[in-house]
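Student: Listed here are the chains, written in short residue letters.
There are 2 protein chains.
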Amino acid sequence: MELAIALDFQSQTPLHQQLYEALQRAILQGILPPRYRLPSTRSLAKSLGISRNTVTQSYDRLLGEGYLATVAGSGTYVSDRLPEEFLQAKAVDPPLSAMRSPHSLSEYGERLAKNELALQPEPDVAINFRYGTPNLDLFPVKLWRKLLSRHCCGGREWLDYARDFRGYAPLREAIAGYLGRSRAVKCNPEQILLTNGTQQAVNLILRVLFVRGEAIAVEDPGYLSAKRIFASYDADIIPIPVDASGLVVEKLGDREAKLVYVTPSHQFPTGAILSLSRRLALLQWAQQTGGLIIEDDYDSEFRYGERPIPALQGLNGGNSVLYIGTFSKVLFPSLRIGYLVLPEHLVEVFLRAKWLCDRQLSTLDQYVLTDFIEEGHLESHIRKMRSHYDKLRQTLVKALEEFFGDRVTIFGEKAGIHLMAKFHFPLRDEEVISRAESVGVGLMSARVHYLDACDRGEFIFGYGELSEEQIWEGIEKLAVAIHVVKVGITHLGIH
Amino acid sequence: MELAIALDFQSQTPLHQQLYEALQRAILQGILPPRYRLPSTRSLAKSLGISRNTVTQSYDRLLGEGYLATVAGSGTYVSDRLPEEFLQAKAVDPPLSAMRSPHSLSEYGERLAKNELALQPEPDVAINFRYGTPNLDLFPVKLWRKLLSRHCCGGREWLDYARDFRGYAPLREAIAGYLGRSRAVKCNPEQILLTNGTQQAVNLILRVLFVRGEAIAVEDPGYLSAKRIFASYDADIIPIPVDASGLVVEKLGDREAKLVYVTPSHQFPTGAILSLSRRLALLQWAQQTGGLIIEDDYDSEFRYGERPIPALQGLNGGNSVLYIGTFSKVLFPSLRIGYLVLPEHLVEVFLRAKWLCDRQLSTLDQYVLTDFIEEGHLESHIRKMRSHYDKLRQTLVKALEEFFGDRVTIFGEKAGIHLMAKFHFPLRDEEVISRAESVGVGLMSARVHYLDACDRGEFIFGYGELSEEQIWEGIEKLAVAIHVVKVGITHLGIH
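Protein chains in written order, with the working numbering: chain A, 821 to 1315; chain B, 821 to 1315.
Hints listed in this document are in silico derivations from the structure and should not be mistaken for laboratory results. Bear in mind the structure is a predicted one, so any value in this text is a computation, not a measurement. Heads up, some of the hints might be wrong.
Remember, identical chains collapse to one label, so a pair may be satisfied in a single copy or spanning two.
Below are the DSSO-like pairs computed for lysine-lysine, each with C-alpha atoms no more than 27 Å apart in a straight line [stated by the list, open to error]:
1. LYS1297 - LYS1242
2. LYS1211 - LYS1071
3. LYS1242 - LYS866
4. LYS934 - LYS1204
5. LYS1071 - LYS962
6. LYS1242 - LYS1204
7. LYS1204 - LYS962
8. LYS1204 - LYS966
9. LYS1204 - LYS1071
10. LYS934 - LYS1242
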């Protein structure tokens, strides 16, 4: 370990004095922490290009003053008992706030600096109906570890830069096969670009295709994180309403939107499944206007009792569709692998954008995921989780009906790992959330996902990571907190 | 495994016929590959919401025609011996090229689509003096696997979304400590934002700070990948010359550059180390003009015999400096962890940009790297590699001198894992490269890193991943290929 110390060989100050001051300062600032072992005088002298005697002089003075201590036969260490007066001398540099001028931001930076883009911390509650998180206790961690060990071994190919900038070819093949079988996506592996999650995929789409001043049509209500990205590009966002069959495609009319963002398998947040006739109409819209469809097929894996509707991408050969997906919810969120299925003529330019952006994904993770899919674990894990979530979903529906009766309407429970509930009582959303939090229940209003942000009494109930007991207890506590417990409904006169 | 098949319940075509056609098509297109096991008639009927009899009818016809085969007691499979005429029917869909109109790109997309941004494949040679790749055979893979296994186990926190959007806090602490000790970087862990490599860090800087029309000063010659990113943002790139002490800061004058990009530890590609007086002058320039310095401190870990010069970031409290680094070259390239040390007032907006961009890095990799640093493996690995690279470097210098004598001048050999050699003989760079390739030696001209792209006879010799034998052999072969073998110099009359 070498220490980076600046010595000025032209200075009037002797080198041993300079070195003494530099080390003292490093110790006081905690850069050299207590019990830190210093290099030997010989090696420090060598690395600084000064005489050993100079280093010894400096060390001796610091030893004498108590900054350093020696341990016989082991070396010289930073003292762990610094006199108090030394420690009070910590603020040696001018504080950062004393800087000359803050630097100007780009327009993008200015938009990000606005408060509405601040990231909110999670509430600290025992039972959190947050959405988007799968059950992680049932993830086959041992199997994943076995696959990691299999590939984290000899052979340096996995350590090196990737040769294929689209992503690891066998993984793209495995994904193409999986998407073809389960979602009727029609693509060859060369059309797949692996991304660092779907958020990167959406960003790449905007970066490569979006021209300032163009419009992007979105579902209203619709996924906030996607709209945040669109807003960060200063897009003209056109809200299109959603009903029980998903996006009301007629309302798109001949709006000149460059892009339309849809979540057809489980509309976020209402949970509606986009009907086949609407899908065909949407593709027709794209053909007629030259628009492109961003098909975020999240939650397509979790369907309960309904027959799967093929992805938009596969219904017209994929020419108007940018299909995106991720393994975050099917496997685990901290695995940073998503995918973007592109029309062939866009592959090369997206590839360059991805490369410029951050070069590549972790190779090891790609190897592991390839085996996980090819050995059939992905599909068996999805089956297992689907039946697990189905039970949770039924419990949640039952609990909501039990405790809220006709004061609740449930939407979107036929797919995914969240549903939406609309409450029929005169409480503002904030009041519901704050009462819920006071009894340890975390709840999210659907309001932030509407562009006009009205109070509608709609809440998103994510159930993926909860147990049946927690779901029941959470809904019961919620009902008590807002005084609609079954026994009390008529008693309190709420209707 | 469910199959996504679109059935039209309003159609005149019977359902069994629709299902037969859909399955036939999937088999012919390879979506259902040979030996693929189909779902049972009962489960497919259930998932499609049709009668079991309908499915049986379709299956029977496909069995009769040889598309499917049954294995007693095991189920129904796609036949692995499809009659040849079936396989010739593959092109069922209109080709993608028949699409209506290509979609227009953003200005960024248009710039990327230009040919000069095409990504070049690696040459296929036995001895490749490519730069930027460390020796991967000496990486302690077993240790890394042990750490992966330690953290890839029970406890679901690592699987979930990250709570800290800056990156895992203990890793940021470990990096702050390491940078303080080895590079005299002064920062608290809150100023560190972890990124998906340095390329993402540079992109984030441009995204958040760069305003169209502003200028970015760069070293000339300088790192092509960084300039590609600047060009992708349509920046006005100002070349500033480089000499044996690095960037010639005087030449910056009072140029109104918003940003200046420097590689002070080992200037890319010349290998010059930016002198302390130039560092102080550069900081003064930033103070006076309000400019910001992007300090890409790559190769700072590998210095041979020189005393380390503290990072620019630490010399003025870091107010004008955006310090970037990565573990790609110190550990391995496919590990996607880099860092960006920010002035305090910029942290929040960069954090939001990173979150919007791709949320987070792999948590498991961050856990592993934290232990790797905290347990001292990083610093001992760097020591080991420094002494390894030192030997390679000496061999390379010796070989170049041995085979090229006074026809070569060597630059930048005092740090890093590449050096630059200027040849003094009248051959064009392309000719040198193509002769080298013909004897299995990969070589890169420094020319692409100059903004004016003159022929200077300068080549970059990366030696990180080669052995001493390969280096010697590669230089000898190169000398033979361009007819300057020692014995032949006067004989061939080249001078």
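Student: Enumerate the violated hints, using their earlier numbering and listing them in ascending order.
Tutor: 2, 3, 4, 5, 6, 9, 10
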